[in-house]
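Q: Given these sequences and hints, build the entire structure.
Note that the protein sequences, when read in sequence, are chains A and B.
Position one of the first sequence corresponds to residue 389 (the working numbering), numbered consecutively onward.
Position one of the second sequence corresponds to residue -3 (the working numbering), numbered consecutively onward.
Keep in mind the hints are simulated off the structure, nothing from the lab.
Check the hints yourself; a few may be wrong.
[As the list claims (entries may be wrong)] Here are some chain B residues the structure puts well away from chain A; computed CB gaps all over 12 Å:
1) I(-1)
2) I22
3) A27
4) M62
5) Y100
6) D183
7) H227
8) S228
9) N267
10) K274
11) E294
12) A300
13) V449
[As the list claims (entries may be wrong)] Derived lysine to aspartate or glutamate pairs resembling EDC-like cross-links, with alpha carbons at most 20 Å apart:
14) A:K427 - B:E367
15) B:K197 - B:E207
16) B:K274 - A:E421
17) A:K493 - B:E202
18) B:K274 - A:E408
Ideal placement from N, C-alpha and C gives every residue a C-beta, glycine not left out.
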Amino acid sequence: MEKKKAKTTKKTKKQAPKKEKFDKFVIHTAVYETKLTEKYKSRKPYEPVDPKLIVSQIPGTVRQILVKKGQKMEEGEMLLELEAMKMYNKILAPFNGVIKTVHVKEGDKIPKDFIMLEFK
Amino acid sequence: MSIRSKSNDLKKRMNSALQGGGQKAIAKQIAMGKMTARERILAIVDDESFHEYDLFVEHAGKDFDMDKKTLPGDGVITGTGTVNGYPICIYAQDFTVAGGSLGYMHAKKITKIMDHALKMKVPLIGINDSGGARIQEGVNSLAGYGEIFYRNTLASGVIPQISVILGPCAGGAVYSPALTDFVFVVDNISKMFITGPEVIKTVLGEEISMEELGGARVHAEKTGNAHFFAHSEYECFSQIIKLLHFIPWNNSKKAEPFEPTKPKRNYSIGNIFPTDPKEPYDIRDVIRAMVDSSDFFEVQELFAPNIVIGFARIEGDTVGFIANQPLVLAGVLDVDSSDKAARFIRFCNAFNIPLVTLVDLPGYLPGVDQEHAGVIRHGAKILYAYSEASVPKITVICRKAYGGGYIAMSSRHLRADFVFAWPTAEIAVMGPEGAANIIFRNEIKEADNPEEVRQQKVLEYKEKFANPYVAAAYGHVDAVIKPTETRKFISHALSVADNKMVNRPKKKHGIPPF
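A: Dropping the structure here:
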């Protein structure tokens, strides 16, 4: 029994000078040992912009929708109206095309970068 | 009436005004874990030194039945006192009086003490604990904020301005602290935001608590709005008193010198510092190994920790330290760290505090997020701040000093007065790996065993260029010194640079990349 006790204390002693854990961090092909910040770890990877997605530039409420699925649109025609910051913002078609899907309903409260419509 | 009864009358009036919002409101304040405005002032200033003014000011609200109400002192306490024996002007918003809301006379009291501070050239401390603008007073409360912001800007760089957030500070009110030099926050008590959780919920449908939106931790870690984070009001006050120890009263003075002391023995650069440029260490321990009593007072400890800034003393004189921190993100410069360092450099320059820069960085942080966040614009701030600074500038290159990072970190080329390098310094356009890959690209590609050749070329480059002697040969480095001699060299450089004068072209002001 006593022997066993002695063994365990020895073990913990050995573990005591635990080396701090570091992350690997590559800059210009050189690998550094360092710590990463939460901000760095939670940064969003870059995604290329898809012009076919009509995305909200500002959070707000969808006031009215003027288009339906399959509708043919010409550049500059109004797609929907987004109320944000006490203004009615007209969202226009960026090019000639056909509506693939409508992701919002009138009255929807949407955040920034929300996909409202999709073009084919 | 006799003088005695007049005095008694004064006493009665004072006692009623000193009650603030009354017992009930005070009990509520205490229940929130907060001190009262007067207690806060008394905890900061030296004993018996506080003198209050404008105690009998009455509010100017006429509409919405406000004329029938009395608000003692109109919700703010103003006065003068001393800290560490030196004079200061101070104001504290009193949340127990109409929620510390800012009306016309409330703002007048603040601007009066601000004018006073600017005229007398003494530091200004503002304690914020307010629900915001007093809606009943309409545009007059907006006018009040504007008058405060204008004076904050006017006083910027003339007297040190300190903001202490001890309660809510929301909407327009946040811009006064943002314009001042140092912002102090306390966990669970400080709350700062432009639009609160309720507005965000009704307008955007996003739900977030006050603490998560603009609590002390958020501003100390994420936004960088706060410079000092404390767990209690008392800890916060001791930080303020300590800060005032290190900085001068105004821009025409130097910080008061202290009795010189030696660094503590348990900090030795030899034990802290790894020579391999890829191994991490805490640069703050290196600073502690070279400053008086090993006392390093760090600013913005939690924000952008890949650069370290703060005050310390060398042979009794205050210096501002700026140092890359290899422990975090290998010490790279990025958007946040450039911004953090640049502002600190400008504070030190405005208030005659010499700059000591410790260099150990692999360069600017690569990445789409950094480029798109404007690392060019923000990174330029640090170049601007160092070039513009006319206080003595001393640079110590400890290990890596690669590329743009080398130039930015107070290099000779930005007019550092003294550039020292340790024998471990590697001053080069980029790290040996990257450089060898480019210079010997063809040789590596055409070799039978490219990896072997690559390693060999890296070694060759390392031997030839990864040292301080190439830069020293051109005079970009003044002296290659032993790490243990650093304190001696800095201290001597400071005494030589004591009367430094620089002539600059005349201008109204520069246009820094804000």
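Q: Each hint: holds or not?
A: Each hint, compared with the structure:
1. Chain A leaves B:I(-1) outside its interface by the beta-carbon criterion, the shortest separation being 61 Å against a cut-off of 12 Å.
2. Every Cβ of chain A is farther than 12 Å from the Cβ of B:I22; the closest lies at roughly 39 Å, confirming the non-interface assignment.
3. With a least beta-carbon separation of about 33 Å from chain A, B:A27 lies farther than 12 Å from that chain, consistent with its non-interface assignment.
4. Non-interface call for B:M62 relative to chain A: holds, since the shortest CB-CB distance, roughly 28 Å, exceeds 12 Å.
5. For B:Y100, the shortest C-beta to C-beta distance to chain A comes to about 27 Å, beyond the 12 Å cut-off, and the non-interface label holds.
6. The beta carbon of B:D183 is kept farther than 12 Å from every beta carbon of chain A, the shortest such distance being approximately 17 Å.
7. With a closest Cβ-Cβ approach of about 20 Å to chain A, B:H227 is found to remain outside the 12 Å limit, as its non-interface label requires.
8. At roughly 24 Å from the closest C-beta of chain A, the C-beta of B:S228 stays outside 12 Å, upholding its exclusion from the interface.
9. Listed as outside the interface, B:N267 is consistent with that label: its C-beta sits roughly 14 Å from the nearest C-beta of chain A, beyond the 12 Å cut-off.
10. Consistency note on B:K274: stated as away from chain A, yet its beta-carbon is not over 12 Å from all of that chain's, at 5 Å minimum.
11. Distance check for B:E294 against chain A: the nearest CB is about 16 Å away, which clears 12 Å, and the non-interface claim stands.
12. Once the 12 Å rule is applied to beta carbons, B:A300 is inconsistent with being away from chain A; the minimum gap is 8 Å.
13. The non-interface label for B:V449 is consistent with chain A: the shortest C-beta to C-beta separation is roughly 15 Å, beyond 12 Å.
14. Only pairs whose Cα atoms come within 20 Å are accepted, and A:K427 paired with B:E367 is accepted, the gap being roughly 15 Å.
15. Using a Cα cut-off of 20 Å, the hinted pair B:K197 and B:E207 holds, with the two alpha carbons roughly 15 Å apart.
16. Proposed proximity of B:K274 and A:E421 is supported: the alpha carbons are some 6 Å apart, at most 20 Å.
17. The suggested pairing of A:K493 with B:E202 holds, with an alpha-carbon distance near 18 Å, which does not exceed 20 Å.
18. A C-alpha spacing of about 15 Å is found between B:K274 and A:E408, which places the hinted pair at or below 20 Å, so the restraint holds.
Figure legend: structure checked against the earlier numbered hints; hints not met, in rising order: 10 and 12.
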